[in-house]
Amino acid sequence: MKTAILLMAHGSRIPEANGAVREIAVMVKEMTGFEIVEVSFREQHLPNIQQGIDACVAQGAERVLLMPYFLFVGAHVQEDLPEEMAEARTRYPAVEFAMGGHLGVHRKLAEVAADRIAEALAATGWR
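Residue 518 is where the sequence shown starts when you use the numbering used here, and the numbers rise one by one after that.
Among the hints, a few may not be true.
Once the Cα atoms are required to be at most 30 Å apart in a straight line, the calculated DSSO-like pairs of lysine-lysine come out as [what the hints assert, rightly or not]: (1) Lys519 - Lys625; (2) Lys546 - Lys519; (3) Lys625 - Lys546.
Hint data in this document are derived by calculation from the structure and do not stem from the laboratory.
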């Protein structure tokens, strides 16, 4: 079965912020080897989540793993994204859908934060 990964981000009025998620999607595609890796946005920017699902299905996805690109649990992660998945199941009854976990608390995120702290300290000359 052909599986697609759909990264679901919040979305921003600032285009660069949305572009960053697309860069992450390219990296995810390279790291995972999945042929279909798409990006969608809950608010502020297109494609919205249903359009992202449409793009996955149009490329032949028979399964879509919805991945919340959100740091914390909030209304979007707990309520809105599951509602989006329920709508997708209604629209595409022959396609399997599953939801992955949000980014949350993870050692690798702490490592990224530590790297950024080191960069900031070096830039200020405080080291």
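Which of the stated hints cannot be reconciled with the structure, identified by number in ascending sequence? Of the numbered hints, all hold.
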